[in-house]
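Going down the list, the protein sequences come from chains A and B. The first sequence maps to residues 1 to 311 in this note's numbering. The second sequence maps to residues 1 to 533 in this note's numbering.
Hints are computed from structural coordinates only; laboratory data are not their basis. Predicted model, so just to flag it, every value in this text is computed and none were measured. Errors might be hidden in some of the hints.
[As the list claims (entries may be wrong)] Computed Cβ-Cβ distance ranges for the label pairs, DEER-style: (1) A:Glu50 to B:Leu143: 30 to 40 angstroms; (2) A:Met12 to B:Asp209: 38 to 48 angstroms; (3) A:Leu73 to B:Asp268: 17 to 27 angstroms; (4) A:Leu99 to B:Asp88: 15 to 25 angstroms; (5) A:Leu73 to B:Lys512: 48 to 58 angstroms; (6) B:Glu181 to A:Ile5: 25 to 35 angstroms; (7) A:Ser138 to B:Asp261: 34 to 44 angstroms; (8) B:Glu181 to A:Thr74: 56 to 66 angstroms; (9) B:Glu219 to A:Thr74: 55 to 65 angstroms; (10) B:Pro136 to A:Leu73: 54 to 64 angstroms.
[To be verified] Covered stretches of chain B (chain A as the covering partner; in silico rule of three or more C-beta atoms under 8 angstroms from a C-beta of chain A): (11) 143-150; (12) 515-527.
[Said to hold, decoys possible] Here are some chain A residues the structure puts well away from chain B; computed CB gaps all over 12 angstroms: (13) Leu55; (14) Tyr69; (15) Ile116; (16) Gly129; (17) Phe149; (18) Leu153; (19) Ala160; (20) Phe257; (21) Ser258; (22) Leu271; (23) Trp302.
Every residue, glycine too, gets a C-beta built ideally from N, C-alpha and C.
Listed below are the residues making up each chain.
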Amino acid sequence: MGGYILGRILQMIPVLFIVSLIVFAIMRILPGDPAMLMLQGAEGGVITPERLDALREKMGLNDPIIVQYFNFLTGALVGDLGESIRFREPVLDMILDRLAPTMQLAFAGLVCSLIIGVPLGMIAAMRRGGWVDAFTMSFSYLGASTPVFFLGLVLISVFAFTLGMLPSAGSTGWRSLVMPALTLGLINAGLIARLMRSSLLDVLGQDYMRTGRAKGLPPRLLMARHGIKNAMIPVVTILGLQFGNMLAGTVVTETVFSRPGIGRMIVSSILQKDYPLIQGAVLFLSVTYVTANLIVDILYAWLDPRIRYDR
Amino acid sequence: MRPRTLTARGGMLLAVSAVALVAASPAFAQELRLAVRASIEPANLDYQVDPYTSTMLINTFMSDPLVIRAPDSSFVPGLATSWEISDDAKEFTLSLREGISFQDGTPFNADAVVYNFNRIMDPETGSALLANQVGPLESVEALDDMTVKFTYSEPWVTFLDMATKAPIWSPTAAAASTPQEFDKELIGTGPFKLVEWVANDHILMESWDDYKNANAAVELDGKAAVDTVRIQFIAEEGVHGSVVASGESDIAYQIPALSTDQYTDNPDAELLSIGQSGTGLQMIFNLREPKLQDIRLRQALLHARDMGKVNDILYDGLYGEADGPLNNIHPCFWEGASEMYPFDPEKAKALLEEAGWVEGEGALRVAKGVEGVPDGERLELGWSILHHPEIGEVVQAQFLDVGVGISVEKVPGPIQLERVNARDFEIMYERLRSPDPKILDDIWNSQYDYPGGWAWTGYVNEDLNTLLKEVAGNPNWDARCEAAKSAQQHIMENALVLPTLSQPSYFAVSGKVDGFKLGAEGTHFFIHDVSIN
Numbered sequence: 001m002g003g004y005i006l007g008r009i010l011q012m013i014p015v016l017f018i019v020s021l022i023v024f025a026i027m028r029i030l031p032g033d034p035a036m037l038m039l040q041g042a043e044g045g046v047i048t049p050e051r052l053d054a055l056r057e058k059m060g061l062n063d064p065i066i067v068q069y070f071n072f073l074t075g076a077l078v079g080d081l082g083e084s085i086r087f088r089e090p091v092l093d094m095i096l097d098r099l100a101p102t103m104q105l106a107f108a109g110l111v112c113s114l115i116i117g118v119p120l121g122m123i124a125a126m127r128r129g130g131w132v133d134a135f136t137m138s139f140s141y142l143g144a145s146t147p148v149f150f151l152g153l154v155l156i157s158v159f160a161f162t163l164g165m166l167p168s169a170g171s172t173g174w175r176s177l178v179m180p181a182l183t184l185g186l187i188n189a190g191l192i193a194r195l196m197r198s199s200l201l202d203v204l205g206q207d208y209m210r211t212g213r214a215k216g217l218p219p220r221l222l223m224a225r226h227g228i229k230n231a232m233i234p235v236v237t238i239l240g241l242q243f244g245n246m247l248a249g250t251v252v253t254e255t256v257f258s259r260p261g262i263g264r265m266i267v268s269s270i271l272q273k274d275y276p277l278i279q280g281a282v283l284f285l286s287v288t289y290v291t292a293n294l295i296v297d298i299l300y301a302w303l304d305p306r307i308r309y310d311r
Numbered sequence: 001m002r003p004r005t006l007t008a009r010g011g012m013l014l015a016v017s018a019v020a021l022v023a024a025s026p027a028f029a030q031e032l033r034l035a036v037r038a039s040i041e042p043a044n045l046d047y048q049v050d051p052y053t054s055t056m057l058i059n060t061f062m063s064d065p066l067v068i069r070a071p072d073s074s075f076v077p078g079l080a081t082s083w084e085i086s087d088d089a090k091e092f093t094l095s096l097r098e099g100i101s102f103q104d105g106t107p108f109n110a111d112a113v114v115y116n117f118n119r120i121m122d123p124e125t126g127s128a129l130l131a132n133q134v135g136p137l138e139s140v141e142a143l144d145d146m147t148v149k150f151t152y153s154e155p156w157v158t159f160l161d162m163a164t165k166a167p168i169w170s171p172t173a174a175a176a177s178t179p180q181e182f183d184k185e186l187i188g189t190g191p192f193k194l195v196e197w198v199a200n201d202h203i204l205m206e207s208w209d210d211y212k213n214a215n216a217a218v219e220l221d222g223k224a225a226v227d228t229v230r231i232q233f234i235a236e237e238g239v240h241g242s243v244v245a246s247g248e249s250d251i252a253y254q255i256p257a258l259s260t261d262q263y264t265d266n267p268d269a270e271l272l273s274i275g276q277s278g279t280g281l282q283m284i285f286n287l288r289e290p291k292l293q294d295i296r297l298r299q300a301l302l303h304a305r306d307m308g309k310v311n312d313i314l315y316d317g318l319y320g321e322a323d324g325p326l327n328n329i330h331p332c333f334w335e336g337a338s339e340m341y342p343f344d345p346e347k348a349k350a351l352l353e354e355a356g357w358v359e360g361e362g363a364l365r366v367a368k369g370v371e372g373v374p375d376g377e378r379l380e381l382g383w384s385i386l387h388h389p390e391i392g393e394v395v396q397a398q399f400l401d402v403g404v405g406i407s408v409e410k411v412p413g414p415i416q417l418e419r420v421n422a423r424d425f426e427i428m429y430e431r432l433r434s435p436d437p438k439i440l441d442d443i444w445n446s447q448y449d450y451p452g453g454w455a456w457t458g459y460v461n462e463d464l465n466t467l468l469k470e471v472a473g474n475p476n477w478d479a480r481c482e483a484a485k486s487a488q489q490h491i492m493e494n495a496l497v498l499p500t501l502s503q504p505s506y507f508a509v510s511g512k513v514d515g516f517k518l519g520a521e522g523t524h525f526f527i528h529d530v531s532i533n
């Protein structure tokens, strides 16, 4: 198991290196001078070339591109992701400030999708061909095809503006988390329900289930001990990817519900060409994503020993 | 059975109990909930560092400036009670208000003003805009404890306007922190103290018990009427436009025009609007482009657009008029601009024919003997705009009627600046907002035609530059305004700009709010007198 984990960790290194290279290159290829943006972002007053040049020098933009990348990479290795151009604060501090609300939202969304998706999938499998099954499948298609922003606005319109039950914006208190988590959760619950259904149907047809029934195991015990655990393997596998989807989904969800978080920070930093902030945030999210998948792989190996023996 | 009724004695008992309950309970804390667009949330909460008008606005809640721009646009006392300006507009002597202290208990005096202006001009502070607005300051000195003198190397006619913007912070508090950290612990002289700023979420302030009114534009003496102010930043436009109607906020600042219909006949809320003096949403021509070098083409474009119709179609006529380089509500607007280019498609067609743009096989005209343009080239122009692309789309249809094609492109800020700095555009959006005509100098004086400058059109004319020098340097307001009007006439006669509309600021205000006062411009308002019923 230890060797398996070590191998997976080593595989992360080239992935993260390529991510850093791509992010760095894309931000330099896109048009727009960040120093100019910083000075000309407001209205009024003329910016002198001397002032512009001084700022470019201060921001390290006059250095050769290789030097800029090297500075970024060596800094990142020791946790120094630079300083935001616009906010003038250490990037890592800014990310950590916004990490809690983003993770809170992503986890809440994940939990919502599991709470909704797993039981729906199970019920659909056990009532195969019935109206519950049809409803679940329709729900999963609806969930997969509904844009996050649209669902968010519908929820706001109903629960905030019409019923006045929940706040439409902000991150104060648990009530402010309900709609964003539901938005993320509902979108992904459909996929989990479909996966759970097909997986459970597959498990239900396995020999060991038939043997269990023949031995007289109570149906509930059989389902709980042998059915669900085995059916959960593909669901767990997909959780890592789903967590990535959740993180991506927070970009839109945080904007719709005006919540603070890394997603919103990335969007505004892209618009402002805040190089260090974009690079740092994307690198950080990549590490998070890759780590989540590593954890899933480990869980997977634990659930299904064949994985670690077959490597 | 006899129905139970409330007897006189019982009623009396209930009433007395209710009064006693109300009297015994502590007073309800009043919170003013203010909704602000997330796109204008400050990056640094200190306007001495951050360049945005929203930062300046929020700072005025926590620190009174030296001078206040009153709702009627006049300058009234703030922390300075009076001021003297030398004839050459190079020296400004301010008498300061006595008995004022900062929220940390340290006294407000001339030394504090000197410290603040030195801090603004210090490169370490990294002031992105205010240092530019302070201008070529030679020195700032304390003549005595309550008198301060500013000396400039050249006439600085926008000094008072600048003095309405510069926040004055406690020197003790500012010196104990860095410009990057101080914005989380701002200490001013204003009616509200900063409690917390959760970036991308909200700002919370509480009223300061020891506040002494240093703002001649507000009425309440001493402590503000509300106990706390919560500024909620809202990222989604539709949500921002509806939060007052749904009762989630008391005031929503700068809601989208398309959300205003929720408030027009709403008995529980009020819709306020105020124009923003400046250039309006103007489009400028790049005269370096061969097609646009011929004045007849530019004049034709001006005759081919009907902005009244655009306003009706898109905004139910709610947007303001902008007929010239300064919009119609600007104090120095030149009225002749309104008559110069009436909507006249026939005249536009005639001008185009005259300029060598003849009818082609398709809907667009083609060049025939146009200097610098190959014969047969179609008359198509790029229309690049940061926002409001819908204006371009309606104008596109109007231009098509006279055989001119435009491709409307909404560009993000970085792309716009890149194009502008490379002078790679044909018709570009360029807006500045200020009641001071100095913005004309910024945009039209060819001495600012370099990367970082605002003079983008490539038009060079010494007569115009002379007028603009007068606009930027004459200490006499009337003379400046007259020069600004002459400059606008020159710009319009040469058809250098395509004015469109002017975007007003809309405020949705709950019916529970009393004492809310708009400033002179759409970017400013006063909350010191506000109470919540």
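Evaluation of the provided hints:
One distance hint, 30 to 40 angstroms for the beta-carbon pair glutamate 50 (chain A) and leucine 143 (chain B), holds here, with the actual separation near 32 angstroms. A beta carbon spacing of about 56 angstroms between methionine 12 (chain A) and aspartate 209 (chain B) contradicts the range 38 to 48 angstroms that was offered as a hint. At roughly 57 angstroms, the beta-carbon separation of leucine 73 (chain A) and aspartate 268 (chain B) lies outside the given 17 to 27 angstroms, and the hint is violated. At roughly 56 angstroms, the beta carbons of leucine 99 (chain A) and aspartate 88 (chain B) sit outside the given window of 15 to 25 angstroms.
One distance hint, 48 to 58 angstroms for the beta-carbon pair leucine 73 (chain A) and lysine 512 (chain B), holds here, with the actual separation near 55 angstroms. For glutamate 181 (chain B) and isoleucine 5 (chain A), the hinted distance range of 25 to 35 angstroms is not satisfied, since their beta carbons lie about 41 angstroms from each other. For the pair serine 138 (chain A) and aspartate 261 (chain B), the supplied restraint of 34 to 44 angstroms holds, since their beta-carbon distance comes to about 36 angstroms. In this structure, glutamate 181 (chain B) and threonine 74 (chain A) break the distance hint of 56 to 66 angstroms, their C-beta atoms being roughly 26 angstroms apart.
At roughly 59 angstroms, the beta-carbon separation of glutamate 219 (chain B) and threonine 74 (chain A) lies within the given 55 to 65 angstroms, and the hint holds. In this structure the supplied range 54 to 64 angstroms is violated for proline 136 (chain B) paired with leucine 73 (chain A), their Cβ-Cβ distance being about 43 angstroms. Given a C-beta distance limit of less than 8 angstroms, the hint that chain A covers the region 143-150 of chain B is violated, as 0 residues qualify and 3 are needed. Interface restraint, the region 515-527 of chain B with chain A: violated (0 residues with C-beta to C-beta distance below 8 angstroms; minimum three).
At the 12 angstroms boundary, the C-beta of leucine 55 (chain A) falls inside the reach of chain B, the nearest C-beta of that chain being 8 angstroms off. Against the 12 angstroms criterion, tyrosine 69 (chain A) stays outside the reach of chain B, whose nearest CB is about 20 angstroms from its own CB. Every Cβ of chain B is farther than 12 angstroms from the Cβ of isoleucine 116 (chain A); the closest lies at roughly 24 angstroms, confirming the non-interface assignment. Remark: the non-interface label on glycine 129 (chain A) is consistent with the geometry, its nearest Cβ contact in chain B lying 42 angstroms away (cut-off 12 angstroms).
Its beta-carbon lying about 8 angstroms from the closest one in chain B, phenylalanine 149 (chain A) breaks the requirement of being farther than 12 angstroms from that chain. Not every CB of chain B lies more than 12 angstroms from the CB of leucine 153 (chain A), the least distance being 7 angstroms, so the non-interface label is violated. Non-interface call for alanine 160 (chain A) relative to chain B: violated, since the shortest CB-CB distance, roughly 6 angstroms, does not exceed 12 angstroms. The beta carbon of phenylalanine 257 (chain A) is not kept farther than 12 angstroms from every beta carbon of chain B, the shortest such distance being approximately 8 angstroms.
A cut-off of 12 angstroms between C-beta atoms contradicts the statement that serine 258 (chain A) is not in contact with chain B; the least separation is 5 angstroms. Non-interface status of leucine 271 (chain A) relative to chain B is broken: a Cβ of that chain comes within 12 angstroms, the nearest being about 6 angstroms off. The beta carbon of tryptophan 302 (chain A) sits about 38 angstroms from the closest Cβ of chain B, which is more than 12 angstroms, so the claim that it is off the interface holds.
Of the numbered hints listed earlier, those contradicted by the structure are 2, 3, 4, 6, 8, 10, 11, 12, 13, 17, 18, 19, 20, 21, 22.
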